[in-house]
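Trainee: Each chain is listed here by its residues.
Number of protein chains: 2
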Amino acid sequence: MTSPIAIRRLNAADQDFARHLDHLLSWESVSDDAVNQRVLDIIKAVRERGDAAVVEFTKQFDGLDVASMADLILPRERLELALTRITPEQRSALEKAAERVRLYHERQKQDSWSYTEADGTVLGQKVTPLDRAGLYVPGGKASYPSSVLMNAIPAKVAGVPEVVMVVPTPRGEINEIVLAAACIAGVDRVFTIGGAQAVAALAYGTESVPPVDKIVGPGNIYVATAKRHVFGKVGIDMIAGPSEILVVCDGQTDPDWIAMDLFSQAEHDEDAQAILVSPDAAFLDRVAASIAKLLPTLERETIARTSMEGRGALILVADMAQAIEVANRIAPEHLELSVENPEQYLPQIRHAGAIFMGRYTAEALGDYCAGPNHVLPTSGTARYSSPLGVYDFQKRSSIIHCSAEGASELGKVASVLARGESLTAHARSAEYRIKP
Amino acid sequence: MTSPIAIRRLNAADQDFARHLDHLLSWESVSDDAVNQRVLDIIKAVRERGDAAVVEFTKQFDGLDVASMADLILPRERLELALTRITPEQRSALEKAAERVRLYHERQKQDSWSYTEADGTVLGQKVTPLDRAGLYVPGGKASYPSSVLMNAIPAKVAGVPEVVMVVPTPRGEINEIVLAAACIAGVDRVFTIGGAQAVAALAYGTESVPPVDKIVGPGNIYVATAKRHVFGKVGIDMIAGPSEILVVCDGQTDPDWIAMDLFSQAEHDEDAQAILVSPDAAFLDRVAASIAKLLPTLERETIARTSMEGRGALILVADMAQAIEVANRIAPEHLELSVENPEQYLPQIRHAGAIFMGRYTAEALGDYCAGPNHVLPTSGTARYSSPLGVYDFQKRSSIIHCSAEGASELGKVASVLARGESLTAHARSAEYRIKP
Numbered sequence: 000m001t002s003p004i005a006i007r008r009l010n011a012a013d014q015d016f017a018r019h020l021d022h023l024l025s026w027e028s029v030s031d032d033a034v035n036q037r038v039l040d041i042i043k044a045v046r047e048r049g050d051a052a053v054v055e056f057t058k059q060f061d062g063l064d065v066a067s068m069a070d071l072i073l074p075r076e077r078l079e080l081a082l083t084r085i086t087p088e089q090r091s092a093l094e095k096a097a098e099r100v101r102l103y104h105e106r107q108k109q110d111s112w113s114y115t116e117a118d119g120t121v122l123g124q125k126v127t128p129l130d131r132a133g134l135y136v137p138g139g140k141a142s143y144p145s146s147v148l149m150n151a152i153p154a155k156v157a158g159v160p161e162v163v164m165v166v167p168t169p170r171g172e173i174n175e176i177v178l179a180a181a182c183i184a185g186v187d188r189v190f191t192i193g194g195a196q197a198v199a200a201l202a203y204g205t206e207s208v209p210p211v212d213k214i215v216g217p218g219n220i221y222v223a224t225a226k227r228h229v230f231g232k233v234g235i236d237m238i239a240g241p242s243e244i245l246v247v248c249d250g251q252t253d254p255d256w257i258a259m260d261l262f263s264q265a266e267h268d269e270d271a272q273a274i275l276v277s278p279d280a281a282f283l284d285r286v287a288a289s290i291a292k293l294l295p296t297l298e299r300e301t302i303a304r305t306s307m308e309g310r311g312a313l314i315l316v317a318d319m320a321q322a323i324e325v326a327n328r329i330a331p332e333h334l335e336l337s338v339e340n341p342e343q344y345l346p347q348i349r350h351a352g353a354i355f356m357g358r359y360t361a362e363a364l365g366d367y368c369a370g371p372n373h374v375l376p377t378s379g380t381a382r383y384s385s386p387l388g389v390y391d392f393q394k395r396s397s398i399i400h401c402s403a404e405g406a407s408e409l410g411k412v413a414s415v416l417a418r419g420e421s422l423t424a425h426a427r428s429a430e431y432r433i434k435p
Numbered sequence: 000m001t002s003p004i005a006i007r008r009l010n011a012a013d014q015d016f017a018r019h020l021d022h023l024l025s026w027e028s029v030s031d032d033a034v035n036q037r038v039l040d041i042i043k044a045v046r047e048r049g050d051a052a053v054v055e056f057t058k059q060f061d062g063l064d065v066a067s068m069a070d071l072i073l074p075r076e077r078l079e080l081a082l083t084r085i086t087p088e089q090r091s092a093l094e095k096a097a098e099r100v101r102l103y104h105e106r107q108k109q110d111s112w113s114y115t116e117a118d119g120t121v122l123g124q125k126v127t128p129l130d131r132a133g134l135y136v137p138g139g140k141a142s143y144p145s146s147v148l149m150n151a152i153p154a155k156v157a158g159v160p161e162v163v164m165v166v167p168t169p170r171g172e173i174n175e176i177v178l179a180a181a182c183i184a185g186v187d188r189v190f191t192i193g194g195a196q197a198v199a200a201l202a203y204g205t206e207s208v209p210p211v212d213k214i215v216g217p218g219n220i221y222v223a224t225a226k227r228h229v230f231g232k233v234g235i236d237m238i239a240g241p242s243e244i245l246v247v248c249d250g251q252t253d254p255d256w257i258a259m260d261l262f263s264q265a266e267h268d269e270d271a272q273a274i275l276v277s278p279d280a281a282f283l284d285r286v287a288a289s290i291a292k293l294l295p296t297l298e299r300e301t302i303a304r305t306s307m308e309g310r311g312a313l314i315l316v317a318d319m320a321q322a323i324e325v326a327n328r329i330a331p332e333h334l335e336l337s338v339e340n341p342e343q344y345l346p347q348i349r350h351a352g353a354i355f356m357g358r359y360t361a362e363a364l365g366d367y368c369a370g371p372n373h374v375l376p377t378s379g380t381a382r383y384s385s386p387l388g389v390y391d392f393q394k395r396s397s398i399i400h401c402s403a404e405g406a407s408e409l410g411k412v413a414s415v416l417a418r419g420e421s422l423t424a425h426a427r428s429a430e431y432r433i434k435p
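The listed protein sequences correspond, in order, to chains W and R.
Residues 0 to 435 in numbering that gives the first Met the number 0 are what the first sequence lists, from first letter to last.
Residues 0 to 435 in numbering that gives the first Met the number 0 are what the second sequence lists, from first letter to last.
Chain W extracted, bound-state conformation:
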């Protein structure tokens, strides 16, 4: 016997709406001094003692009985073996998803460019892939094969020659689908290590683990804290907050569909956030009824209930214009526009990680196989950041090649500005290039 579910209802017409919405969205990750210190100690140990430290921590935290780093390396053949251990249906689904993700990300590739000015001066931008990328994959229950595809494929499309994956195998548990996904995505090397020790090994390198240029992928609080600490030595992707969805519905979609779309976010974890906005009050009631009806049928009912009650909301707005305003205020990770002719609203939407348009485009399709990345900016960071993409594995170098004439003209301008800043060596270096 399950208790009825109570979901927060907000009305955008209320005087206090802005304050209530701010409260609903508020999220600050707490930084725990104990975790911080533990992570700093682990990083220090790995920097100082390399493989030996990694092996020790792996024995201690993952309960593995290993003699040396050699026992923590999975050869490429092991990944190929995994392909034979999953069902043909799973293999086919992984391959279809990988192919679509690859095709979409191919469009994100950026090319070098240059142009020549009248005096022969050449200016340009050279685009180069990173030399080596590190991919963190969580072990145990939160080990998602789809994340392997979403993190590794953009790196390979960018042209990164070596993608190194780390995945802990607590008590020896290996997720065959994760290894199969790594095989399909083209991951080059796999180490069965995890936690802050794996992040430290990727950042600084050990005798066995090669140092990478950037570390991507999700992880628990130790992994996230370690990523923050090694940032600067290597690049990192965003530190993600809890996942969220905002569904905007005109009231004409099947309420069961909308309820299940909200659950697909809420089932992630207790802090996940699922919000529905609609100008149709009666429709909000129908979705509330669907939520109450369907919740007890979920495998992850307890998690979804906690998430919906704690951080979910059904918001009534005056019209679609106000719904879009609310969406821009929230800058959601996932925005579902479950409305007729969603294209008409697209120009007004300024902030969202990914936009799922129309009644058929469930977020879950994008999570797995539509093509775009599922690593998206959370907690309103879509205001200034982007989905993980090929551009995260490429970097740019400016190119300047002055002709003698060009240098002479630019030298005059640089000289005036440098002297205005009292940087006279700059000025004199430029002046040497001015023609007499």
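Among the hints, erroneous ones may be present.
Given that identical chains are not distinguished, each listed pair holds provided it fits within a single copy or across any two copies.
Unchecked claim - Lysine to any residue pairs mimicking SDA-like chemistry, simulated, CA-CA at most 20 Å apart: (1) Lys292 with Ala5; (2) Lys434 with Gln251; (3) Lys292 with Gly309; (4) Lys108 with Val126; (5) Lys43 with Glu27; (6) Lys125 with Leu345; (7) Lys232 with Arg48; (8) Lys292 with Tyr431; (9) Lys125 with Glu105; (10) Lys95 with Lys434; (11) Lys155 with Arg349; (12) Lys232 with Asp270; (13) Lys125 with Asp110; (14) Lys95 with Gly119; (15) Lys292 with Val121; (16) Lys232 with Arg349; (17) Lys411 with Glu430.
In short, the hints are calculated from the structure, not lab data.
Knowing the structure of chain W, use the given hints to seat chain R on it.
Mentor: Quick look at chain R alone, frame taken from chain W:
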């Protein structure tokens, strides 16, 4: 009477070269607990008390006698006034530089794109500028008008509607060239505040200062620490280390030119790094002689001497191939290829913030007016990051619009993968879209 200068000499043929080079390059910014705590207190005060706190800190740190925030706002007319207070030569140089920076950065603009699949499903990427960007400009001696151009112009080219600049005016000192640069670059609003309090005001907003989405621009240790702390609430650019140059020379450039190019980096500050690499041992001697000769003629001799002696080096290599290897190992902020036909080496160069090609392209030309940005990745971070650019002020949203047929096909794939991850609400949300 000046003492002779002693510059480190390295030879790539030495057994210990790699270790010596690592030592030369090693740089870790120390995080000071006292600074950290002071900055956290300031941020807290500004979040809690807004304008009142900003005014108090400004009185205290900048020695300004102001009654309220109204005294710390510079209207657009004040910027226009500054244009009349600098010399016509300075105004013309700023305008020429701004125009070239604008033209180069126009090429970095990214456009939205989309494509339609056979079943009518549309996939794409929508590119949007940030709503509001904040630009930090240091006050006093390190106040560089060129940095105003380099930070503000990419934001305006990206289409950011509002660029807000903060610049402290310690003891009332106003830099007219900085204000003139802000006017030319199209900065929308200016507050004469600085330090951690200005960063906090930009990140969280006060009654007078509007909250921004991203904060860019250089600053002292308090500013850098504050930027680290507000990261996540807003975006930030990189936290820069000391500036560096690597000059690769074939031995055929005037040694005085090379010496002055090295000084143009060394004069920045004591921690700046200037390194020359050449396969010509006699040329290294000639440059050492030029350095000794020219150093005493520099206005900023003391700074340049400390930098050259502490962190500079002349490195002998076997040939140009080895020189390029050293360049890739260093991943320098500025790479000067002072050689004949520099194009031939470009394909082998994998990591550099900006590449200055040929004997005429002094770094100083790029610092001020060639067109590319002078905000570049330092301390080897060019391995994974890029110059500041228009792309830093644009962000992307993925677009997915499934047709009924497309959703049905994708639903089957998503269902298999979601069930493989035990995320059954995801699976059921996808399955609702499968055609019976």
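Trainee: Within a copy, between copies, both or neither: where do Lys232 and Arg349 come within 20 Å Cα-Cα?
Mentor: between (33 Å within a copy, 18 Å between copies)
Trainee: How would you label the pair Lys292, Ala5 (within, between, both, or neither) given a Cα cut-off of 20 Å?
Mentor: within (13 Å within a copy, 81 Å between copies)
Trainee: Is it within, between, both or neither when you check Lys43 against Glu27 at 20 Å Cα-Cα?
Mentor: For Lys43 and Glu27, the Cα distance is within 20 Å only across copies (14 Å; inside one copy 27 Å).
Trainee: Indicate which option fits the pair Lys108, Val126 if close means a Cα-Cα distance not exceeding 20 Å: within, between, both or neither.
Mentor: Answer is both; intra-copy 10 Å and inter-copy 15 Å each pass.
Trainee: At most 20 Å between CA atoms: does that hold for Lys292 and Tyr431 within a copy, between copies, both, or neither?
Mentor: between (80 Å within a copy, 16 Å between copies)
Trainee: With identical chains treated as interchangeable, where does the CA-CA distance between Lys95 and Lys434 reach 20 Å or less: within a copy, between copies, both, or neither?
Mentor: Result: close only across copies, 19 Å inter versus 62 Å intra.
Trainee: From the Cα coordinates, with 20 Å as the cut-off, is the pair Lys155 and Arg349 best called within, between, both, or neither?
Mentor: between (30 Å within a copy, 17 Å between copies)
Trainee: How do Lys232 and Asp270 come out at 20 Å by Cα distance, when the copy is not named: within, between, both, or neither?
Mentor: between (31 Å within a copy, 18 Å between copies)
Trainee: What label fits Lys125 with Asp110 when the C-alpha limit is 20 Å: within, between, both, or neither?
Mentor: both (8 Å within a copy, 19 Å between copies)
Trainee: Since the copies are identical, ignore which copy is meant and state whether Lys292 and Val121 lie within 20 Å (CA to CA) inside a copy, between copies, both or neither.
Mentor: neither (66 Å within a copy, 33 Å between copies)
Trainee: With 20 Å as the alpha-carbon cut-off, assign the pair Lys125 and Glu105 to within, between, both or neither.
Mentor: Both. Shortest intra-copy (18 Å) and inter-copy (16 Å) distances satisfy the 20 Å Cα cut-off.
Trainee: When no copy is specified for Lys292 and Gly309, does a C-alpha distance of 20 Å or less occur within a copy, between copies, both, or neither?
Mentor: Classified as within; 19 Å inside a copy, 72 Å across copies.
The structure shown violates just one earlier hint, number 15.
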